[in-house]
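Chains as they are written, first to last, in the UniProt record's numbering: chain A, 1 to 809; chain B, 1 to 601.
There's no promise every hint is true.
[What the hints assert, rightly or not] Sample of chain B residues with no beta-carbon within 10 Å of chain A, all distances over it, derived:
(1) Pro219
(2) Glu342
(3) Arg357
(4) Glu521
(5) Val563
[Stated by the list, open to error] Computed beta-carbon distance windows for the label pairs:
(6) A:Asp403 <-> B:Ser448: 40 to 46 Å
(7) A:Arg446 <-> B:Glu341: 53 to 59 Å
(8) B:Asn453 <-> A:Leu536: 26 to 32 Å
Think of the hints as simulated: they come from the structure by calculation, not from any bench.
Computed from a prediction, not measured in an experiment: that's the story for all the values here.
All C-beta atoms, glycine included, are put in the ideal place defined by N, C-alpha and C.
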Amino acid sequence: MNRCVGTRLVSRRQLVSSSRIKLPQARKTAGITVGAHHLPRINATLVVSWLQVPQATLGRRESTTSLSRRRACSHGGSGRFCHFLAPPKKAWTDAAADWYHDGGSEKNELEVEKIARSSPLPECLALLPCVAQLHRNVSLWTAEVSRICTSSDPPRFAVNNLARSEELDTKFDDFAPSTLAPSPNLLRMARISTGELRRYLLSGQIGRQGCQRVLRAPLVPRSAPAALGQTRRFLNTTSPSTTTPSTAPPATPHEPLRKQLKEQAKALKASGKKKKKNSDNQTVPGWELTVGIEIHAQLNTARKLFSPAATSFNDPPNSHVTLFDVAMPGSQPVFQPATLVPAVRAALALNCTVQPVSHFDRKHYFHWDQPAGYQITQYYEPFARDGRIVLNARDGIAAEDGDRVEVGIQQVQLEQDTAKTTAQPGDVQWLDFNRVGVPLIEIITRPQMHHPATAAALVRKIQMLLTSVDACVSGMEAGGLRADVNVSVRRTGDPAQALGTRTEIKNLSSFKAVEDAIIAERDRQIALLEAGGVVLGETRGWSLGSTETRRLRGKEGEVDYRYMPDPDLGPVVIGAPLVKHLAESLGMLPDAEIDQLMEQHGLSSKDALSLMLLDSGARVQYYYNVLDELDRLLGSCSTGETGHALLAANWCLHELGKLTDVPSDLRMTADGECSVPSAGLAAILSHLYKREITAKVAKDLLWAVFRTEISPSGVTRAIESEGLWFKELRDDEYAALADSVVEGEDKVLKEFARFKEGKSRAYPHGKLMFLVGKMMRAGPEERMDPASAERVMKARLDEVYVQGLEAAQ
Amino acid sequence: MSASAGLLRAQCSVRRCGSGNGIGRVAVSSSQQRRLLNHFISRDSDLLTNFGFFVNQPTAPPTPEIPPHDGVSEPSPAPAPPKRFTLAVKDNIATTTASLPTTCGSAFLAAHRSPFEATIVTQLRRRGAALVGKMNLDEFGMGSHSVNSAFGAVAQEISQQKRSAGGSSGGSAVAVATGEADVALGTDTGGSVRLPAAYTGTVGYKPSYGMLSRHGVVPYANSLDTVGLLARSVRAVAELVVGPGALWAEHDPRDPTSLSVAARARCASLREGYQDGLPLSAPPAREESSQSQPQSPSLGERYTQRHDGSSTLLAQSHERKSPEAMLKGVRFGIPLEYNIEELDPCIRVAWAAAAERLQALGARIVPVSLPSTRHALSAYYVIAPAEASSNLAKYDGVRYGSVREDTDQDSKTTDAADGGVLYAATRGRGFGDEVKRRILLGSYTLSSEAMDNYFLQAQKVRRLVRRDFDRVFALENPLHEREAFSLSDLPDTVAMENKFGPTEVDFLLCPTAPTLAPLLEDVLAERTPVDAYMNDVFTVPASLAGLPAISIPMTVAAGEEAVAEVAGLQLIGQFWDDARLLAVADAVSEILKAAPTAEGR
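Given these sequences and hints, build the entire structure.
Below is the structure:
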């Protein structure tokens, strides 16, 4: 069965000639059904173990549903509302209505908190919208009564409304392009150049071969993916997938080449021919920059947001798809509560307040990667609000920001990802619905950054935070994180002045792109304003290496998303005990960890930060593994010392990095293992630390382990069999060697004598090292330690030769 | 028409549904000889000569297939062996039997074969239903006369005149009226089951929202949609819903708006007429005779029993009470605001006569006030199109519908490369006029500039409507805290029962539609398409509030010659009071049959 769904960008001609990828719908859906049926059911114990609820508290392992049901039954008998299945109606009905009311929420919050408090821990697992089902019908949208009763205007609107419909009816022929608010993406989509498509193709979304192979392969029922049973998923850290951004890939604007070149030349001239270094380009005198960022991150969950289909990367296309994912008529969303665990963790890591009640809304726009015609998101009532992130100097903020900057997080919301589009030759687009409905969080910061480097540092820090609490599957490099930035400028000197008009730059996929795009956009806006122009509120794009952002669409092309609360989905109720539990089990956050690495392990702040960031947090895990093993091997030798930790850190960072130019060659996994097993490196380092081998030998051994020439457990054996032990010269042998080297170096010796006599102030260290170097060359290198050589040489000089000289004088 | 560059390849090709697909069969005429029906799909022929109420019919004779238990949808085993009955299904409910497509009356889904079966169909098949066909409807359920279908209009013939069959479940109603099916499934969003029932003289029941699963029902307006049942007698409906099969008790985990088992238990514990306990325990053995289906003792009697907290309807259901005994002491509210100018005088007369008759039998008739009623229709036509515009966004030619090559049309309006809109041509072609009208309406009311003035106002009105009902019903709405009402808000016309306020009632009694079934030609010639919206004025309030309602046939004397015609009498109950509603509706319909009100005048 064909698993690739064909969607085509076709010209009329091609439409006629090609039917290659057209699929009969029934067959397609049948395939989906089979796939879906082979998916394992949600494992209840999995959910429980995710939450790490103590067994004692739970009593026994049960599914969340049976828990909630049990409780509900026991309450149902008494005829009272069970708080889970039906929390005080008023509280959340009003909360439901709050999104269009400013006031009146204080009381609700209190009530909701009461609900949350009254629910003991295991039940907090039942944070599901089951509560909603009760109230679904009439109450969800209804508003605060007292207000309505006093409102005087309801009757009129209906008349206008109906009148308007007639009006609309008459001009129906051109089917309402403006009313239906189509996405300007579509317009762009249609203009994708072949060059763009080729680049898109070659960026390796799904190998073309791979897809064709799948096309021909017979349908084999899929067995359950092994990863599902795991409590954590470490997908994609070793084999980064290049996923397409969820919004349309930036297309080249339709502009004549000559004009483009002209503008480029102009821009180059304007920037003074030489591009400034970013670190010197953080401010423009007389102007203040303001930046806010929206970050989309894929959550680390086993299931999609509203269907039990598994989340996956690089699995056969359309193999994890349920009927709801492809918007089959009559299918309905079923919220997967386990999604909340990484989401709440992320919110906590960002110091947000988790909202007891939140809602899902529909955001409408047409695009083929979105089968329902809308995206389910949290627009009016996000699940977390009011967070903040502290950025320190070591995070790489602009020097102008000093030691520390605090950036507010306005809200964090849950939403669905879209399908993955893969361009094929001949204007064909293939859709892989595996990614449809995969849970994302969108993090919206307040406009509180004023320097480009600080904005980049914020994105970097958010990625680090999300990784450290295991909320996120992959970093920016792997496409698991994307950023949109809002940029505005205003003249300094008048604090009362309002912020300037902002523009939005979409879909930035690297830290550098964030910084570069902000600088370019700032400069563009300032140049425009200084020339007497006006900044228009528009959406702009950025491609790597360019000097200027480019216009994607203006205000007039803006989509009216027609946000509407989803009528099928109830509120999400998150109990305070769950939040408390997750907060307690959050583990150490990156800042504390960096402090620990610096203070207890003796690392420099730069090294500590690098260790944390490399391989999306896997490198530091590797370091801990090496250190644990090293501690074990060294036993009592290492107690109370940090020297071995520093040694391990240096090797994990620098020596490991020298093995290959391509980081992925290390095949680092999230649980901290790579091509050089931690045990192997620890074995090497233990010998090095005890001075049983030389650093050179250690490096050779590392190579051998990396190339799997020797096994990690065979390190000691290899040293033994190859005779690599460090058999150091005795002191008298060093002394003999030193004597032989010093011979004929009277001129050098005189320097030492001058120092001794006080004629020169500084000890002639360079001369000493010259002699040591000579000594090393003269002797058997594999048996010598430069430090020992230096020590002996220095002693000989002091005790024998200088005195000899003095005596001679 | 032309397909533009950048248009997407459709997955399903349009299957032309010409008359060749029609299934010509002579109808079984009803006992009253009131209608003569041809029914086949027609598209190209004159609407006035062909009445299509079947969209599709299986070629093999219907035999019930008992689906196996999947252990998910139904926690309780259905009684076996089930009684067999024929079932007609509105074509916006997904079926897989005999590979019938699920078209929703739309060209978009003309060839759409659903890969799964709606929960409600599975549930009914398990209870012995044999599918006779998929019934014609207004496209996606949008309409009041079943004329907005890609497969042609549905109609009934009364006295040689083609009359509207009502909508949007018109095909289902006609199938039941003609005896093609014993029971028909419809969907009721704003009266789509009750209105056709009223026009065709059948029984149309809309359950409480959240009782019957919507999984597999193609949504029109999710927050209003319910699955409704049509039959020739109230008893046939009651037997399925509160009878031994206990359809009311079944939660569907695949429908997020289906009430949970616990919530059902809680609601039922506050109501009468449901079995003790829940379907968690095995339901009682099926009674031998269909006569012995659950009936309640007199409600007045049970009010005293209620304080003991021991008795339920079913506990005493073995002997059936006479309709007179059933109705004794029941309080019926007559909503004053429903006596509108547009109400056909003959219906007004029959309504009053029915009330008098009930009063004569010991029921109490109480005038009540539902002040928000007059805004309900407007609110409905804001909320429903808004949700519809969202639900129908998926029909864009990518997965559903077709992108067709047609060079005749002016490419400028469709070609995305020329600045047009990618899906506009596909959607413009695929939807019928009424659907387009409502999509535009909904898109407008949700747009950022209109949201506050329309959509949000409508939601407020919706809440007021629900509050009106809660105030007049004696029973509390289990979904909401009891609210305090100020007597000063009440109109002067409402009589006070005592110093605490006006009398509270058990049910509301009102007409289903303001007029008799209109002539089809009048419907098709209506000045503006929105005139038809007027027909929903009495049915929309219960939909907005999620309350159970039922339309039963009522004979009226129409015209100057006092010709006996059929209209609908509607009963509305408090949330989850479905069991009592059905029991009382059964009694009322017995009374009306015994003494047709028209003749009584």
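Now the hints, each set against the structure:
| no. | hint | result |
| --- | --- | --- |
| 1 | Pro219 | violated (8 Å) |
| 2 | Glu342 | holds (15 Å) |
| 3 | Arg357 | holds (32 Å) |
| 4 | Glu521 | holds (21 Å) |
| 5 | Val563 | holds (33 Å) |
| 6 | A:Asp403 <-> B:Ser448: 40 to 46 Å | holds (42 Å) |
| 7 | A:Arg446 <-> B:Glu341: 53 to 59 Å | holds (56 Å) |
| 8 | B:Asn453 <-> A:Leu536: 26 to 32 Å | holds (28 Å) |
When each numbered hint is compared with the structure, a violation occurs for hint 1 only.
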